[in-house]
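*Asks:* Residue-level listing of the chains:
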Amino acid sequence: MLKQIEGSKAVAEAIALCRPQVVCAYPITPQTHIVEGLGEMVKDGSLAGCEFINVESEFAAMSVAIGSSAAGVRTYTATSSQGLLFMAEAVYNAAGLGLPIVMTIGNRAIGAPINIWNDHSDSMSMRDAGWIQLYAETNQEALDLHIQAFRLAEELSCPVMVCMDGFILTHAYERVDVPDQAQVDAFVPPYVPRQVLDPADPVSIGALVGPEAFTEVRYLAHHKQLRALDTIPQLAAQFERQFGRASGGLIRTYRTEDAATIVVALGSLNGTVQEEVDEMRLAGKRIGSVSICSFRPFPLAAVREALKGAQRVVVLEKCLAVGLGGIVSDGVRKSLSGIALNGYTVIAGLGGRAITRESLRRLFHDADRDALEQVTFLDLNTDVVAAELDRERAARRTGPTAEAILRRLATGSPASTVHEGRPWLRR
Amino acid sequence: MVETLIKFYQTGTFTVGNRLLREDQRAVQADMQRTNSLNSGHRACQGCGEALGARYAIDAAMRATGNRLIAVNATGCLEVFSTPYPESSWQVPWIHSLFGNAAAVASGVAAALRAQGRDDVRVIAQGGDGGTTDIGFGCLSGMFERNDDVLYICYDNEAYMNTGVQRSSATPPAARTATTPAVGASPGNVFGTGKNVPRIAMAHRIPYVATASVANLRDLERKVTAAMDIRGARYLHILVPCPLGWGSAPDDTIRIARLAVETGLFPLFEARHGEVTDRTPIRHRHPVEEYLKLQKRYAHLFGCPPDHGRIALLQAMADRNIAEYDLAEVAA
Numbered sequence: 001m002l003k004q005i006e007g008s009k010a011v012a013e014a015i016a017l018c019r020p021q022v023v024c025a026y027p028i029t030p031q032t033h034i035v036e037g038l039g040e041m042v043k044d045g046s047l048a049g050c051e052f053i054n055v056e057s058e059f060a061a062m063s064v065a066i067g068s069s070a071a072g073v074r075t076y077t078a079t080s081s082q083g084l085l086f087m088a089e090a091v092y093n094a095a096g097l098g099l100p101i102v103m104t105i106g107n108r109a110i111g112a113p114i115n116i117w118n119d120h121s122d123s124m125s126m127r128d129a130g131w132i133q134l135y136a137e138t139n140q141e142a143l144d145l146h147i148q149a150f151r152l153a154e155e156l157s158c159p160v161m162v163c164m165d166g167f168i169l170t171h172a173y174e175r176v177d178v179p180d181q182a183q184v185d186a187f188v189p190p191y192v193p194r195q196v197l198d199p200a201d202p203v204s205i206g207a208l209v210g211p212e213a214f215t216e217v218r219y220l221a222h223h224k225q226l227r228a229l230d231t232i233p234q235l236a237a238q239f240e241r242q243f244g245r246a247s248g249g250l251i252r253t254y255r256t257e258d259a260a261t262i263v264v265a266l267g268s269l270n271g272t273v274q275e276e277v278d279e280m281r282l283a284g285k286r287i288g289s290v291s292i293c294s295f296r297p298f299p300l301a302a303v304r305e306a307l308k309g310a311q312r313v314v315v316l317e318k319c320l321a322v323g324l325g326g327i328v329s330d331g332v333r334k335s336l337s338g339i340a341l342n343g344y345t346v347i348a349g350l351g352g353r354a355i356t357r358e359s360l361r362r363l364f365h366d367a368d369r370d371a372l373e374q375v376t377f378l379d380l381n382t383d384v385v386a387a388e389l390d391r392e393r394a395a396r397r398t399g400p401t402a403e404a405i406l407r408r409l410a411t412g413s414p415a416s417t418v419h420e421g422r423p424w425l426r427r
Numbered sequence: 001m002v003e004t005l006i007k008f009y010q011t012g013t014f015t016v017g018n019r020l021l022r023e024d025q026r027a028v029q030a031d032m033q034r035t036n037s038l039n040s041g042h043r044a045c046q047g048c049g050e051a052l053g054a055r056y057a058i059d060a061a062m063r064a065t066g067n068r069l070i071a072v073n074a075t076g077c078l079e080v081f082s083t084p085y086p087e088s089s090w091q092v093p094w095i096h097s098l099f100g101n102a103a104a105v106a107s108g109v110a111a112a113l114r115a116q117g118r119d120d121v122r123v124i125a126q127g128g129d130g131g132t133t134d135i136g137f138g139c140l141s142g143m144f145e146r147n148d149d150v151l152y153i154c155y156d157n158e159a160y161m162n163t164g165v166q167r168s169s170a171t172p173p174a175a176r177t178a179t180t181p182a183v184g185a186s187p188g189n190v191f192g193t194g195k196n197v198p199r200i201a202m203a204h205r206i207p208y209v210a211t212a213s214v215a216n217l218r219d220l221e222r223k224v225t226a227a228m229d230i231r232g233a234r235y236l237h238i239l240v241p242c243p244l245g246w247g248s249a250p251d252d253t254i255r256i257a258r259l260a261v262e263t264g265l266f267p268l269f270e271a272r273h274g275e276v277t278d279r280t281p282i283r284h285r286h287p288v289e290e291y292l293k294l295q296k297r298y299a300h301l302f303g304c305p306p307d308h309g310r311i312a313l314l315q316a317m318a319d320r321n322i323a324e325y326d327l328a329e330v331a332a
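Chains A and B, in that order, are what the protein sequence lines are.
Sequential numbering from 1 applies to the first sequence in this note's numbering.
Sequential numbering from 1 applies to the second sequence in this note's numbering.
Excised from the complex, chain A in its bound form (with noise of 0.2 Å):
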């Protein structure tokens, strides 16, 4: 059924499409609206069997999602940013236990300095914590890939993140298509776990191992993330076919077949990317793009044919590896062992700067003429940094950085006006 609605609300209805028997809530923007959707559902009695837990913090809600889980139950939960961060420790833990949780993440810069706004630190931050990780293009695949994460999840026992851009899709109203409750149950069955707290048949789930076994249990989780490389194609080919719409899948090419430039991305920047895209072939530039959705298991072998036959690559990349640069790059790189061609790292969006078209047009442009530097940070404001940087040269005191760039944005200076309104303060 067709909808206007807001991406987050559109996220709710899929996530009770498919049956969660529990839901844990903790407020952080941009996620919130997916589990208050959730929880009105449940109150109203609309989401029948479930069980809606207002939990006292991210660490909580993950825990209370392990308890639910290893008792044999769907379970289900969201958060972004510092939320995800505040839950590491038991992210690590829901992975390392193999509970089929699906999480939303409402893909949220990191402070400090404090920021709301969209890009993907958070998420690659837990790149690494045996989670499967898919990123949505729009809000129609967001939607679509919640139902297909559960069904993923629960094959593999494995806990799988939907990562959507906040704001950029959380917040946006667009046209969906709402698929109908015979439609989701045909596609996900009833949850049957692997491993289940029962009195009737008494297991110990998370003993202690020691390095006679701590090697094969985490092969196993590797292992067990390669053999998704094989079930989220399936998967997703499954899904086009009940639901008639593609959605989801390892990667996308756009374009792709004789470009000599080509763009990665993740998530809602793709639509972006190949609007540009189609404006340089229109002035007969080369130029393709490759969105990744699965980021992890990362599809190397996907990702090498379908940059091979380029000549450079430009990653873009909504996130930081302070003090080397790209993330996405570094999949990226790996999956072209032994290929030569040129490869570039383009940090853009962070802390939801807009990524205009004409700014990646300039980019592209300039990856088309080898002109870029290996890592780039499109639209940095040099003058800032400079002026900055030549503050802190000339004095030690220099005070908190965010507070002195925000102050010559506003006023052209940085100097302090601490003395203004606090004559106490005056010498």
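None of these hints come from the bench; they were simulated from the model.
In this text the structure is predicted, and so the values were computed from the model without any measurement.
Using N, Cα and C, we set each Cβ at its ideal position, and we do this for glycine too.
Some hints here could point you the wrong way.
To be verified - Using C-beta positions, here's what the derived DEER-type ranges look like:
| # | chain 1 | residue 1 | chain 2 | residue 2 | range |
| --- | --- | --- | --- | --- | --- |
| 1 | A | 241 | B | 86 | 41 to 51 Å |
| 2 | B | 205 | A | 208 | 28 to 38 Å |
| 3 | B | 86 | A | 385 | 50 to 60 Å |
Stated by the list, open to error - Now the stretches of chain A that chain B is said to cover, found in silico as 3 or more residues with beta-carbon under 8 Å:
| # | stretch |
| --- | --- |
| 4 | 3-12 |
| 5 | 19-25 |
| 6 | 128-141 |
| 7 | 277-288 |
To be verified - These stretches of chain B come out as covered by chain A in the derived footprint (C-beta under 8 Å, 3 or more residues):
| # | stretch |
| --- | --- |
| 8 | 69-82 |
| 9 | 99-106 |
| 10 | 114-128 |
| 11 | 190-197 |
Dock chain B against chain A, hints included.
*Replies:* Chain B alone, transformed into the frame defined by chain A:
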């Protein structure tokens, strides 16, 4: 379970009365058919109060629930010594997740049972004092506040024993730990610090809070049984001496646990919905020195000359408990 007090006149105690009772009135531990929920063969130290407390408590909970019990465990000694891969001492379905989240995991298990309509299966969470009063405190308070159907049991040995005896917020004043060493002008843990979690639990107005001691088996079993008879959040705080951390003889564990009660340092009481409803009066009151002298963690108090000032402060704490909980037994 009905607790029947039978005074055994030759020794002046109640504790040997078990064999004089009808079989169905005897302690769970006296039952040859008890579940041994924490089975023998685990790796706890000799004289471990926590191993004893856990077996007493879980066996009693198993009997009270008709063996339909799920246990959640915080990281700590109990978790480590009971489940070295590939062995497990647990005869109950058992899960260990993290150090600070046992209460929340138990909330999740309880929620799953509710969602499945399984009101016959009950949930226990358990941890040491570090996992309860410090790192797990947020999750514990959340579980209390939501009144989730979980009995949380804290086995309090008054420090982080698993990591090598470091101070926790349950470490008593003057006690020596690895992070409150017995050196300097005021050796051991400082006075005026620490956290009384049973009282904090009561402040949540949860249906049931109690303290118990491994020296008083029947009282402990009765409290577990009472707790399992109630729905909602419940809290049981059991004092469990640790020979390693306290520097006591393994065969003094019960004696020390009893002295903690009989000095007034560890009052035994029950509270319902935030009000104290029952307490165990002290029949033979002992000065705190008798308790302290058996433990090397207090050895610095008994040098030459003894630290009379700090011993008096500890005695004052015991006296305050006795007054606060009305523990002085009135002569019959």
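*Asks:* All hints are to be evaluated individually against the structure, with a verdict given for each.
*Replies:* Hint check results:
no. : hint                      : result
1   : A:241 - B:86: 41 to 51 Å  : holds (43 Å)
2   : B:205 - A:208: 28 to 38 Å : holds (37 Å)
3   : B:86 - A:385: 50 to 60 Å  : holds (56 Å)
4   : 3-12                      : violated (count 0)
5   : 19-25                     : holds (count 3)
6   : 128-141                   : violated (count 0)
7   : 277-288                   : violated (count 0)
8   : 69-82                     : holds (count 6)
9   : 99-106                    : holds (count 5)
10  : 114-128                   : holds (count 4)
11  : 190-197                   : violated (count 0)
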